[in-house]
Amino acid sequence: MKSPGFFTHLSLLWGLRLRIGLNSGAPSRSWLTIAGFLFSSAPAVVLGVGFYGLVRLSTQLELEVWPDFILRLLSFVTSCVWVTWPVLSAGVDDHSELSRYSAYPISSLRLMLASTLASLAEPRSLVFYGPLVGATLGYLSVREVSHPLLMLLGFCAYVLFNAALSRVGLHLVLNVLRQKRSAELIGGGFFVFLVVASFIPPVDTSWLFKLGEAGVQAVPDTIVEDATKALGRFPTGFFAHALLMSAAHNGVKALADVLALVELTLLAMVVAWGLLIDFHRQSGRAGPAVGVQRSRNPFVAPKTLFGTFVVREAVDLFHNPRARLLVAVPFVLGILFKLLSGRALFVFLLGATADAWLLGGLSVYGAIVLGSTFSQNAFAYDGHGFSAFVAAPIELGDVLRAKNLVHACAGGGLGALVTIFYAVYFGHGALLDVALALASVATLIPVVLTVGNGLSLYFPVKFHANLKRRDKLPFAASMIGLGAAAIGTWPLAFALRQVGTAGPTVFSLLTVLGAAVCAWGVYALTLPRWIVLLNRRRELILRAVIRE
Amino acid sequence: MIQSAVEARGLVKRFGSFTAVDQLHMTIPRGAFYAFLGPNGAGKSTSISLMTGTYAADAGTLTILGLDAQRSPLDVKRRLGVVPEELSLFERLTGRQYLVFSGRMHGLDGAESAARAEELLTLTELSAKGDTLVAEYSKGMRRRLAIAAALIHAPDLVLLDEPFEGIDVLAAGVIRELLAELSRRGVTLLLTTHVLEIADRLATHAGVIRAGKLVDEGPVADLKHRHSVDSLEHVFEKLIGVPVARDAKLSFYK
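Chains as they are written, first to last, in numbering that gives the first Met the number 0: chain A, 0 to 547; chain B, 0 to 253.
You may find that some hints are simply not true.
Listing some non-contacts, in silico: residues in chain A with all C-beta distances to chain B over 12 Å [said to hold, decoys possible]:
no., residue
1, Tyr100
2, Val270
3, His318
4, Ala434
5, Arg536
Part of the chain A face toward chain B, derived, beta carbon under 8 Å [what the hints assert, rightly or not]:
no., residue
6, Ile19
7, Phe38
8, Pro104
Calculated from the structure, these hints are not laboratory results.
Keep in mind it's a predicted model, so treat the numbers as computed, not measured.
Glycine included, each C-beta is placed from N, C-alpha and C at the ideal position.
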């Protein structure tokens, strides 16, 4: 029997993803799945066309570096998004599931390479790369390049470089999350990041405020040129530089850029593979027993059964590595935002309302990543534990209530922490801004809980806390979850849009608080209904969450 | 002529400070039906993971079908069928799709894979459910599907980790018959199970592992004779030692 070659493996993994995607709906409604795929890719077309026009326009500006700047900036942003997306969602891909493929004659390296390439055919690739493809085509439509094939190769190398870099990031995070002291490691890393970031001088953004009078000409040439140079020094800018060199008929330099990208891609893949192997080497089932001291057993303290449920859910969430990672995200974003002097841009665009938008945005984001992630599939991590709930002489409704309480506290707590962090770290934000951010979190939480309860009952899926499996919510559930987050955020957006750039007022706060009262009212009204449905659908949920 | 299907010498696997497999010496003759027995946590599944190449050994040598398992893991896998204890099937494929995918991953062409899949679905009594998603399968059906997938490339050696765990009598009967048929056809089988009665009925050879070390192995008849007992269950009890809960009292139970 002849062993499958690399391209056979690639096509098999590609086909597997396609088949799994098509099977996710009813067999007779595959067209609906395809329509969903096309629909989710639609923004790529809009963005691509937009950047196509923008780059063409930029070539007519006096300062010649503009198109180069746009291309390098887009390359940098695309790489950042591509790399951070799986890390932020702790997304495990096929190749991380080595045990699933252990029976097949495919090496772990080839599995990783093939699944990395196969992952490029997902809808998110089209969305993420749409703007850069549009901008590149726009550039090619006005500048003649001497080596078009080399540029195609360069673009492929850039895409592969991003894919390899995202593997390094993901496996690094997975290795940290697998550690027993992952919370301390993440906290320590965060602290080091904060300290290092404090030594970086702020970006001069005074020119921003002259834009209104002089238009784009107000941007100092040196800033654009320096930024272009800086973006070109990072490997993500190599492709744009190769494009520029090819347009200048300097084939040698263009080739050097492409080769550097290929070299870095190979290096990153080797590092990623090493991390992957290390992850699996350390994740054996056997291991020394780590007992919980009797005096520290958290289940001794609760006086009521409901209290026990709350403690169980809280302990479960505390030990969930995905939760630990998600907690760090809004803080890291906050630090990056300050490093890039992003607040100045907001002040320029939104005037006195900037801090309210930023505070509210970051806090609500913190509440969403924690509250929404776990409440949308509340029983996902229970596994066979859910059968213990079903078998015990208890009200299942109390379990759902306890879960809601813990998820609300976790999401709300993180939102509040982010609010305090912003006020202290940025040194901006009036009391009213802070109150508005907290009120927004209070509005969002009941919305995500209400919708999350419905999703938990109608789209139950087993999730694996050990990070060795690829867990995905159905597409429809993800979209509904996103819709809930949008609805929960809408009162804040509405209140702030009403005041324009004048800054929030007490009325803005009252508007959001009013929405919060309504949202909690809807939550209180719907919860009994969800509990009735939970009892009716418990067998279905049980079957879903105990599947391997 | 290769005499042994599996030959382990001084095999060691550690997880941090814990030694899961400790100087394992083991020989499985070709064509044998080998029952690999031991209490939970003794190192059976880890040993199987070493054979499948999922884990790399920290020390020792492992020869499978005449090949060095650590130097040529892919060559070994081509001739190996594996049914792991924790079944991790692709939930969103149908049973038929899953089998054809498994065949293709082992290098069969599409037509051959599809033909073998049909035969295996019939043999494992899954034909009627071939177009149902694996997610909808019962535990017994999953086990049978996993066994079918492990056989699609006609392996010379099949490793079965707890194939009888948590399944009903009917499914167990189908699997038992299937294993007996494979054994008659000369396929070497390694089976871990806690159902010693089944092991006694099917196995030609057995080995007992405790705390990562093989405490005894050989033909089943020789083992029984050596320990002067009439069943594998008693061999197991003698080698492992069954804890007896004497004077078991619960203070809160009146």
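Hints versus structure:
1. Tyr100: violated, 8 Å
2. Val270: Nearest chain B Cβ is 19 Å from Val270/A, so the label holds.
3. His318: holds, 19 Å
4. Ala434: Given that every Cβ of chain B is farther than 12 Å from that of Ala434/A, nearest at about 46 Å, it holds.
5. Arg536: At about 16 Å from chain B, Arg536/A clears the 12 Å cut-off, so the statement holds.
6. Ile19: holds, 4 Å
7. Phe38: Given a least distance of 20 Å, the restraint on Phe38/A is violated.
8. Pro104: holds, 4 Å
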